[in-house]
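Participant: Below are the chains, spelled out letter by letter.
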Amino acid sequence: MIIITLLSGSGETDGKKFKVYARKDKVRLLSIIRLGFDYGTLLLRGEIGTPYGKWDPRVDCYRIKALHYRDVLSYLEDSKIAYRNEVSDLPPLEHLECNVRLRSYQLEGLNRWRHAGMRGVIVLPTATGKTYIGLKAISLLKKQVLIVVPTLDLMDQWRRRVAEHLNVEAGIVGGGENTVRMVTVSTYDSAYLKAEVLGNRFMFLIFDEVHHLASPSHMQIAEMYIAPYRMGLTATYERSDGRHVLLQRLVGDPVYMVEVEELAGEHLSPYTYEKKLVNLTSEEKHVYDKEMGVFRRYLREKGIVLKSAEDFHKFIMRTGRDRRAREALLARNRALKVALNSKSKLNMVAELIKEYRDEKILIFTLHNDLVYRISSRFLVPAITYQTPRDERREILANFRRGEYMAIVTSQVLDEGVDVPDATIGFILSGTGSTREYVQRLGRLLRRVKGKKAKLVEIVSKETVEMRISRRRHRKRKGM
Amino acid sequence: MLPSDLLLVRRRKGRIWPRYAGLSGENLEVAKRLIQVYKHHVDKKKNVLKETVSELENIGYDYRFVRGLSVLLDRRSEFTCSVEADPVDIRRRLYKAAGKLGLPTTSKQRSRLIRSVATEMKLSTAMVEEAFYADLDSELIMTEFKPLSSEELIKDYNVSLTQTLLFSATNLNFTASGNWQRIFYMVKRLGLIYEAYKSGGFWVKIDGPASLFKLTRRYGTALAKLTPVILANPEWMVEAKILWKYTNEIYNFKIESGKHRDIFGEPKGLPVSYDSVVEEDFAARFEALESGWYLKREPEPVTAGRYVIIPDFSFERSGVRVFMEIVGFWTAEYLRRKIEKLKKIDVSMLIAVDENLACKKLTKLEKSQKLNIVYYKNKVPLVPILHHLEKAFNHVREKQILFLKNLPVTFKESVVDYEEFATRIGVSTESVRTVLTEKTPEDYVVLPNSLVQKNKLEEIEKILERQIKPKGRLSLTEAIEIVESEGVKDTSNILRILGYKIMWHGISSETAEVTKPKDKHA
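Residue numbers (this note's numbering), protein chains in the order written: chain A, 1 to 479; chain B, 1 to 522.
No lab work stands behind these hints: they were computed from the structure.
Just to be clear, a hint being listed does not mean it is correct.
Distance condition first, Cα-Cα at most 35 Å in a straight line; then the derived DSBU-like pairs of lysine-lysine [claimed, not checked]:
| hint | chain 1 | residue 1 | chain 2 | residue 2 |
| --- | --- | --- | --- | --- |
| 1 | A | Lys54 | B | Lys32 |
| 2 | B | Lys96 | A | Lys337 |
| 3 | B | Lys108 | A | Lys194 |
| 4 | B | Lys205 | A | Lys54 |
| 5 | A | Lys54 | B | Lys188 |
| 6 | B | Lys188 | A | Lys314 |
| 7 | A | Lys337 | B | Lys108 |
| 8 | B | Lys214 | A | Lys314 |
| 9 | A | Lys302 | B | Lys44 |
| 10 | B | Lys341 | A | Lys337 |
| 11 | A | Lys290 | B | Lys44 |
| 12 | B | Lys214 | A | Lys337 |
| 13 | A | Lys314 | B | Lys341 |
| 14 | B | Lys46 | A | Lys80 |
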């Protein structure tokens, strides 16, 4: 065994820069030890093992999840092992000028995160300025950061905020763009697909709407990026599938949690909720009963009970094998469509528009068909997954400026996108999911002086829709 | 590739396979009808087309099959927005008008707004209404459709099903009859990792870096993209592990050219073509030489430790193999890495390098590594290559001869066939013959193709003698039978050595006879 005394320093071989880390005391240098990045993983070359890695016979060295970057570094340092760090490939740092002033609860969240070792999840209701906490953290940490968001709308919003509050241009990865800068914004999908090439380019990860990270594919983002500093932001920490427990390992513990009720009144405008029941037209009722009858008869005949989501999934699987099951399903879908798209609802919308003529209105529906029907009948700007990106941006901007007084949308606005000072919301249909409901509520909770937000749900009487709506409320109470 | 909800599979006893569409009359009929529908809907709206397609979904066929075919046909269609006015502009004006004057809640208010925008743009109200959402996907007009035969459609569908299943693959093992360069190029480009191994042929296992930590479907898409390149060969076998997310179980998936070639169709787009003019030209000139070396284009890859080398050519002669790679564009670093790889294997490899692109460093490199580098300008020269081949051949032979001479071998068999012996110990027949002629074991007689024990020879002579005695001659056919029944193939040489003579009464061996000249003594 050779014993060599080395000092810390850096040098260059094969045109590649490297650093040698060592203490002034003796180190054992078995052979040149190199820690490198390989398609979303770390490779430790040289005759050495690590408790975080696994021997990879395909390449004859230890391979480590990028997630453990920080652990491997401290292991090597603690063991006084000299090595070359060839892992990161960071974009140049830029000068940030931060003009964000945090409110007391935001500052509290940020401090808790810092004390937790710059890792962890901050849980705050929608529209309480989670973005600002993220921006402040970036300006304090001054490291290359990737902000991961679920939708293109949110990507735009972060891009705008970074320019406004940090005074730098953000890099963008996703939606057809691909530029990496000190502050970069990406969608979950792009960050996942490009983990192999982006994984070693950032030191800090911010996950907006972090509950998305817990899905089986998206969690690989956390595993394949080296960033030692991590922040998760969300309004709905818990997932109905229980997978949020995984976030602890990927991002860190929840470090700060505030419920809607705690902030309402103080920092948020209070809101009221109202349910309007409408009758199907007699023609609609006839079709509805007929189609629903087909569906119910089939279930009764086969003795099928649909109580849980799982029951329903089983039934869907059955439609692949059984023609009659498929016919029953199609009949049910037709019935639901009639209920969800009822003419009476459109008439109710007309009434409500008249009633709230001077307010900014958001109209939510589940089906794109209905979005376009409303858009066409009331000349309301529509946003769906099909809306071209530029037009979507323009609609939101004009709505913000007050040139448009309403927007009708399917699910794409569900999360976090900032639609300022909308005070009235109509729900025309929904899936009955908890998160969706909370965030739709949140969308309306804007802090505008003296304003009272109101949510109106329009439900067809005596249809299964009543049950969907009830389920929404039951789940919310149980949260 | 299809949306995953259109993937039809069967699972049984740990195996999984897509429900491939056979080329049955019924399936072809569905395909034909769909193609007709698409043909007839040129210049019509997409939602009208989809309406007709969904009617076909509900007449007794599996709707997922019909929809799958339809997805493939959509990709052969062009849909465009064909109104003159810009829908985005029309909408902007309508929204703004409604923003200013208030949202219309009656049809009267609505018509008034439409009319104001129409006047502003000098269009009719009908044109405004038409353009309002003309750019929605369902409102687009099909402007072009590239038809195909119903058989081709079914085959495309089967390949797409395979790829869709492979989205859920955790790894893939395959063997193929060629096309290696293209395959490994794709493997590299897709960021996958390969391991080569022998298992009744040359097999390659493919997964990705993170596969080490857990079974992951992360590389499924890449594996699906790789597969058509493998299937483009005349012969192949593909096995994959499928992680079925609905049950969280691992299934085996296997396809092979012998069973599935017909439902996937002919290999497309990848005939045995030469990468470059230089290679093609070289192959043609070399074959014209008739040098005794058998030239093979894109031979099976050579494993070098964990790595794989894919030569352009192999030359074969009596069990000696030499490989050659023609390098067009290169850097010193590239060659150095190549040499590193070659050092790991005991394979003789020629590298032909374009002199125009050579750099000086290489001469140093060549000397230090004793590389078999042949320089060329425009054409790869034959003479230095033959020289290298000859050298390699002699080198191998010398090595084998030395090996054989030092081989402590005593024969127990009364007859030793050179070829059989050579294959058994893995050297060329030529070398065996040379060594045994030079260093004949005691009690054995050397024949051109075998070694025969003297006792055995005497035995054979006795039998032949007995048979010949009555008539003084024996038919050649009988003589061959006798000799071969003693385990020797070399009949004519045996007869010659024992002093017999073959009398030919024509060109057929059936009438030939064996005699023993009287004046000669055995």
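Participant: Now tell me if each hint is right for this structure.
Facilitator: Status of each hint after checking the structure:
With a CA separation close to 54 Å, the supplied pair lysine 54 of chain A and lysine 32 of chain B exceeds the 35 Å bound. Restraint check for lysine 96 of chain B and lysine 337 of chain A: the C-alpha separation of about 31 Å stays at or below 35 Å, so the hint holds. Proximity of lysine 108 of chain B to lysine 194 of chain A is assessed by CA-CA distance (about 53 Å); at most 35 Å being required, the pair is judged violated. Under the criterion of a C-alpha separation no larger than 35 Å, the hint pairing lysine 205 of chain B with lysine 54 of chain A is consistent with the structure, at around 19 Å.
Restraint check: the Cα-Cα separation between lysine 54 of chain A and lysine 188 of chain B comes to about 23 Å, which is no more than 35 Å; the hinted pair holds. Under the criterion of a C-alpha separation no larger than 35 Å, the hint pairing lysine 188 of chain B with lysine 314 of chain A is inconsistent with the structure, at around 41 Å. The hinted pair formed by lysine 337 of chain A and lysine 108 of chain B meets the criterion: a straight-line CA distance of about 28 Å does not exceed 35 Å. Our distance criterion of 35 Å between C-alpha atoms is met by lysine 214 of chain B and lysine 314 of chain A, whose separation comes to about 28 Å.
For the hint pairing lysine 302 of chain A with lysine 44 of chain B, the CA-to-CA distance comes to about 42 Å; that exceeds 35 Å, so the pair is violated. Distance restraint check for lysine 341 of chain B and lysine 337 of chain A: the Cα-Cα separation of roughly 65 Å exceeds the 35 Å cut-off, and the hinted pair is therefore not satisfied. Annotation: proposed proximity of lysine 290 of chain A to lysine 44 of chain B holds, straight-line Cα distance about 33 Å (limit 35 Å). Between lysine 214 of chain B and lysine 337 of chain A the alpha-carbon distance is near 43 Å, which puts this suggested pair outside the 35 Å criterion.
Of the pairs offered as hints, the one joining lysine 314 of chain A and lysine 341 of chain B is violated, with about 54 Å between alpha carbons and a cut-off of 35 Å exceeded. Of the supplied pair hints, the one linking lysine 46 of chain B and lysine 80 of chain A is violated, its CA atoms being roughly 67 Å apart against a limit of 35 Å.
Hints 1, 3, 6, 9, 10, 12, 13 and 14 from the earlier list are contradicted by this structure; the remaining hints agree with it.
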